[in-house]
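Work the whole structure out from these sequences, hints included.
Protein sequences appear in the order of chains A and B. Oh and the first sequence: position 162 is 162 in the numbering used here, straight run, nothing missing. Oh and the second sequence: position 412 is 412 in the numbering used here, straight run, nothing missing.
Keep in mind that a hint or two might mislead.
[Said to hold, decoys possible] Away from chain A, derived, C-beta distances all over 12 Å, residues of chain B: (1) Thr26; (2) Thr51; (3) Trp480.
[What the hints assert, rightly or not] Where chain B lies over chain A, by a calculated footprint (3+ residues, C-beta under 8 Å): (4) 385 to 395; (5) 407 to 417.
[Stated by the list, open to error] Computed Cβ-Cβ distance ranges for the label pairs, DEER-style: (6) Glu428/A - Glu105/B: 15 to 25 Å; (7) Pro447/B - Pro426/A: 38 to 48 Å; (8) Leu435/B - Arg357/A: 46 to 56 Å; (9) Leu19/B - Leu50/A: 37 to 47 Å; (10) Leu40/B - Gly470/A: 49 to 59 Å; (11) Glu63/B - Ala160/A: 51 to 61 Å; (12) Ala349/A - Glu105/B: 19 to 29 Å; (13) Val406/B - Pro259/A: 55 to 65 Å; (14) Ser53/B - Pro426/A: 54 to 64 Å.
Think of the hints as simulated: they come from the structure by calculation, not from any bench. Quantities reported herein were computed from a predicted structural model and do not represent experimental measurements. A virtual CB, placed ideally from N, CA and C, is assigned to each residue, including glycine.
Here is what each chain is made of, one letter per residue.
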Amino acid sequence: MPIGDVSPEIAIIVAAVLALLFAAFAPRRMQAGSALIALAGIAVAIVLVLGQLGETRFTFSGTWALDGASLWARLMILLGTAFCILLAPGWFRTDPRHGEYYTILLLGALGAMAMAGAGDLLQLTIAVLLSSVTGYTLAAWHRDWALSIEAGMKYFLMGALANALLITGVTLMLGLLGNTGYADIAASLRLGTGLSPLLFVGFALTLTGVAFKLGAVPAHAWLPDVAEGAPVPSAAFLTVVPKIGAAIALARLVQLVPPEFLGLRPLIAILAAATMTLGNLAAFWQDDIRRLIGWSSVAQAGYVLMAVTVLGLSPDALSALLAFIASYAIGNLAAFAVVAYLRGRTAIADYDGLAKRRPLVATVLVVSFLSLVGIPPTVGFLGKLALFMTTVDGGYTWLAVVAAANTVASLFYYARVMGRAYFNAPPEEIAVLDRSSGVAVLIGGIFVIGGAVLAGSAFTAFQLSQLLPG
Amino acid sequence: MLTLTILIPMLGALALTVLPSLGHATARIIAVATSTLSFLLLLIVWYQFDTSSGAPAFQAYAEAPWIPALGVFWRVGVDGMSLALSLMSGVLFIACIAWPMENPERPRAYYAWFLFLESVSLGLFMVLDLLIFYVFFDLSLVGMFFLIGRWGHGDAQGAALKFFIYTLAGSLAILLAIIGLVLTVDPITFDMRALIAAQPLAGMDLRGGLILLGFVLGFAVKAPLFPVHTWLPPAHVMAPGPVSAILAGVLLKMGTYGLVRIPFQMMRETFADYALPLAIVALASILWGAIVALGQTDLKRRIAYTSVNHMGYTVLGIAAAGALLNGAEGAREMALTGAVVEMVAHGLITGALFLIAGGFWARSGTYDMDAYGGLAKVAPRLTAAAVIAAFASLGLPGLAGFVAEVQIFVGTFAVFPVIAAIGLLGILITAALFLRLLQQVFFGDLPKAREGFADVSLREGSILAAILALVILIGIYPRWLLDLIGSASSAIIGS
Chain A
1 MPIGDVSPEI AIIVAAVLAL LFAAFAPRRM QAGSALIALA GIAVAIVLVL
51 GQLGETRFTF SGTWALDGAS LWARLMILLG TAFCILLAPG WFRTDPRHGE
101 YYTILLLGAL GAMAMAGAGD LLQLTIAVLL SSVTGYTLAA WHRDWALSIE
151 AGMKYFLMGA LANALLITGV TLMLGLLGNT GYADIAASLR LGTGLSPLLF
201 VGFALTLTGV AFKLGAVPAH AWLPDVAEGA PVPSAAFLTV VPKIGAAIAL
251 ARLVQLVPPE FLGLRPLIAI LAAATMTLGN LAAFWQDDIR RLIGWSSVAQ
301 AGYVLMAVTV LGLSPDALSA LLAFIASYAI GNLAAFAVVA YLRGRTAIAD
351 YDGLAKRRPL VATVLVVSFL SLVGIPPTVG FLGKLALFMT TVDGGYTWLA
401 VVAAANTVAS LFYYARVMGR AYFNAPPEEI AVLDRSSGVA VLIGGIFVIG
451 GAVLAGSAFT AFQLSQLLPG
Chain B
1 MLTLTILIPM LGALALTVLP SLGHATARII AVATSTLSFL LLLIVWYQFD
51 TSSGAPAFQA YAEAPWIPAL GVFWRVGVDG MSLALSLMSG VLFIACIAWP
101 MENPERPRAY YAWFLFLESV SLGLFMVLDL LIFYVFFDLS LVGMFFLIGR
151 WGHGDAQGAA LKFFIYTLAG SLAILLAIIG LVLTVDPITF DMRALIAAQP
201 LAGMDLRGGL ILLGFVLGFA VKAPLFPVHT WLPPAHVMAP GPVSAILAGV
251 LLKMGTYGLV RIPFQMMRET FADYALPLAI VALASILWGA IVALGQTDLK
301 RRIAYTSVNH MGYTVLGIAA AGALLNGAEG AREMALTGAV VEMVAHGLIT
351 GALFLIAGGF WARSGTYDMD AYGGLAKVAP RLTAAAVIAA FASLGLPGLA
401 GFVAEVQIFV GTFAVFPVIA AIGLLGILIT AALFLRLLQQ VFFGDLPKAR
451 EGFADVSLRE GSILAAILAL VILIGIYPRW LLDLIGSASS AIIGS
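What follows is the structure in structure tokens.
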């Protein structure tokens with residue numbers, strides 16, 4: 001067994017177990033030590049992932065894909081998780097189960113990594129389930145706060161349905177194709193065998209199951225509730241990390257089907273348009289910044305689907321997908337870092353005059369929002385640029401036009417918050433969380449701007465990446 | 001050198017943001033010094049600029065890689081058109097930064113945003129990379145959004161938001177068009193010079209038409225042309241005077257400059273096919289802007305609408321210049337030169353007018369023309385400045401506006417005689433509206449409330465004098481400017 005191929009994942013499991021053990025025995029005031037263990041585990045995993053640079057092959061009898069797409073996605077997942085860990089110690093300081101939080105977080109990251117690397121339908125199912133189960137826990141962590149419980153419950157109910165659809169879809173595909181390995185499925189579909197309306201149904205159900213993790217229509221409804229009710233570190237994690245894994249998993253699934261078969265691409269294009277439009281319209285009059293980011297995160301899932309739509313139709317689709325999810329992750333995490341640093345204040349009226357009291361924090365909030373809109377010189381602009389280019393190149397110009405119209409619409413609600421932070425009079429004093437979340441705010445801001453300046457090499461690296469089965 | 005010109009104001013902005021506890025006066029001195037330094041560098045570039053006919057089109061060129069995988073490079077260089085616009089912007093920025101703040105809150109941030117905007121504007125005129133052009137185009141919106149929203153008055157936030165959303169819609173149309181354009185060349189490049197040489201859309205009907213539509217729509221919003229000009233009046237009215245001056249003087253030029261540089265130069269065939277509709281839109285802007293301006297009782301709204309009118313002249317000249325692929329070179333060259341001179345002249349003249357209007361607000365808190373009258377008695381120097389600026393704006397011979405408009409109309413008569421003839425009506429109406437404005441505000445009876453109306457201070461007076469001196473200089477001795485701009489127009493028309 002080529003056990004070394006999953007060494008990063010093993011490192012994460014080991015760190016999760018160690019963090020749990022430490023949490024069980026350490027006194028209350030030292031629970032934050034688990035965060036250090038988790039960060040150390042992530043650092044080891046990052047090194048191990050980087051060791052796989054340049055590999056493009058299946059391993060473990062075709063169930064696990066090692067390729068550029070999974071490598072960069074796992075790297076983003078690990079970095080994103082580490083960023084969320086920075087937000088947690090201050091937030092959970094008084095929580096008696098503080099130390100265990102990091103174990104669940106690491107296991108959630110593991111689920112996302114497994115989604116990115118899944119090369120087999122069953123492996124994909126396990127990955128989605130792992131990611132979901134940990135996700136419910138993370139969302140409902142504040143057991144005695146109604147909104148948190150509500151978020152967890154909604155997430156769980158939606159998830160139960162979506163996972164059931166996923167399993168039904170996988171079963172249908174297995175029955176019709178006689179195989180769950182992606183390489184075999186791709187080979188038989190390329191020959192055009194086994195194409196049938198029922199297979200389309202199977203694919204559609206499977207895609208819906210994964211779209212749930214991405215937060216795309218029709219399985220998006222949990223996102224705003226989780227963003228609003230979950231503890232902010234969890235909200236940051238759940239609106240970013242599983243989405244990275246899900247985006248790659250979706251791309252891999254879609255790539256199995258040659259573009260001209262099954263009418264899958266138009267379907268995804270329509271879902272993309274519906275997702276971004278719905279997300280943006282719903283965010284319009286939100287007076288709660290966490291819900292607002294939640295809905296915007298739905299809209300961003302729609303943009304992700306644009307790149308998935310043109311996979312195989314445009315040579316740059318994969319690099320655009322990677323560039324966009326990276327830029328989205330940076331922008332969204334930076335925005336949540338600001339929310340966490342400001343002790344999770346949610347009403348947008350609470351952001352009045354932030355620029356006067358906390359100019360740096362306000363700047364990070366503004367650049368992260370500009371990045372989510374896609375205005376230069378932020379990473380979000382480059383991500384969106386790559387996305388638009390590949391969509392036009394792949395022949396879906398109408399989708400790019402819809403996305404552009406959505407971008408304009410989205411500016412409205414982001415600018416409402418920016419305007420308040422800059423133009424209104426501030427309250428007396430604005431309370432903040434701990435230093436580690438302040439550091440996170442700073443890191444987020446640096447990535448949003450610096451990422452754009454140094455994007456040249458990232459684009460080159462992404463362009464060299466492949467997506468199995470290619 | 002050009003990179004430095006762009007970088008210096010940006011660093012100045014950064015310094016103003018980072019340095020702790022600067023007083024108002026210090027902040028202003030730093031800002032004025034920074035923008036002057038950048039302008040001096042521009043003058044050196046101008047001194048070294050070669051306007052002879054054999055010289056390369058783009059000079060002072062420099063480049064550095066940014067995203068090589070997508071063919072995006074930092075490329076800067078100027079031709080006669082962009083250099084003239086950069087110089088005009090440089091002058092106007094110094095003037096507006098030196099002009100006293102209307103409501104002196106948070107001066108550091110105010111001057112920092114101004115320098116930011118200067119860097120972005122100069123960058124926009126100087127870059128030769130489509131993507132970075134777009135980056136600067138968008139950044140100008142961000143800077144303006146904060147300047148209007150933070151230091152404006154009345155419903156400034158609403159106006160700022162409307163401005164931001166409206167022009168972002170336009171700029172996204174441009175982005176899609178840019179993508180459509182660069183995808184037609186292989187390998188992908190955003191190099192403007194390469195795209196101008198390649199003319200990648202020659203012979204593509206529908207696709208070329210759509211790409212052109214994207215560009216024209218985006219630049220029309222920015223310019224602004226009828227019927228997508230509606231963001232302009234509220235933005236101008238709510239913005240402080242110096243910000244309005246920059247908005248009208250520099251930011252509007254981005255639309256017309258972009259129109260020449262990108263669709264005109266990079267897709268000549270398609271542009272020529274659709275020049276007539278564009279000329280008609282320009283005509284509509286000329287007339288609509290003039291007529292609506294005539295109906296305004298608000299001083300600033302009236303000036304704002306004349307911008308729509310003047311930008312209409314510019315676009316008319318551009319459309320006439322691009323209407324043919326060959327033939328009538330002399331006339332078309334003249335139309336294009338006129339259009340660029342109009343951009344420079346309008347920048348200076350309207351800049352001065354908006355600064356004057358800002359002075360009105362600072363003194364009396366109202367733009368309502370009915371609230372004024374007979375100011376010539378109490379403020380003779382202000383009156384003189386306003387009279388010169390207004391006459392220049394209505395196109396009086398001997399002033400800058402005339403030089404521009406005469407060339408535009410002479411050039412356009414050779415290509416679109418009917419449209420040019422109707423367009424002349426616009427000049428008549430503009431003359432009427434400015435004369436009535438002068439009559440109402442500066443002559444007649446002085447209302448009681450205005451007896452204490454202060455004349456321009458020394459600082460305000462010297463700023464206005466400097467700008468208006470340039471306006472007169474261009475009016476009576478335009479050779480130096482025409483040589484510079486003409487070198488670009490003959491290269492553009494001849495190529």
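Checked hints:
no. : hint                            : result
1   : Thr26                           : 19 Å, holds
2   : Thr51                           : 33 Å, holds
3   : Trp480                          : 36 Å, holds
4   : 385 to 395                      : holds (count 6)
5   : 407 to 417                      : holds (count 6)
6   : Glu428/A - Glu105/B: 15 to 25 Å : 19 Å, holds
7   : Pro447/B - Pro426/A: 38 to 48 Å : 40 Å, holds
8   : Leu435/B - Arg357/A: 46 to 56 Å : 51 Å, holds
9   : Leu19/B - Leu50/A: 37 to 47 Å   : 40 Å, holds
10  : Leu40/B - Gly470/A: 49 to 59 Å  : 56 Å, holds
11  : Glu63/B - Ala160/A: 51 to 61 Å  : 57 Å, holds
12  : Ala349/A - Glu105/B: 19 to 29 Å : 21 Å, holds
13  : Val406/B - Pro259/A: 55 to 65 Å : 58 Å, holds
14  : Ser53/B - Pro426/A: 54 to 64 Å  : 60 Å, holds
When each numbered hint is compared with the structure, no violation occurs for any of them.
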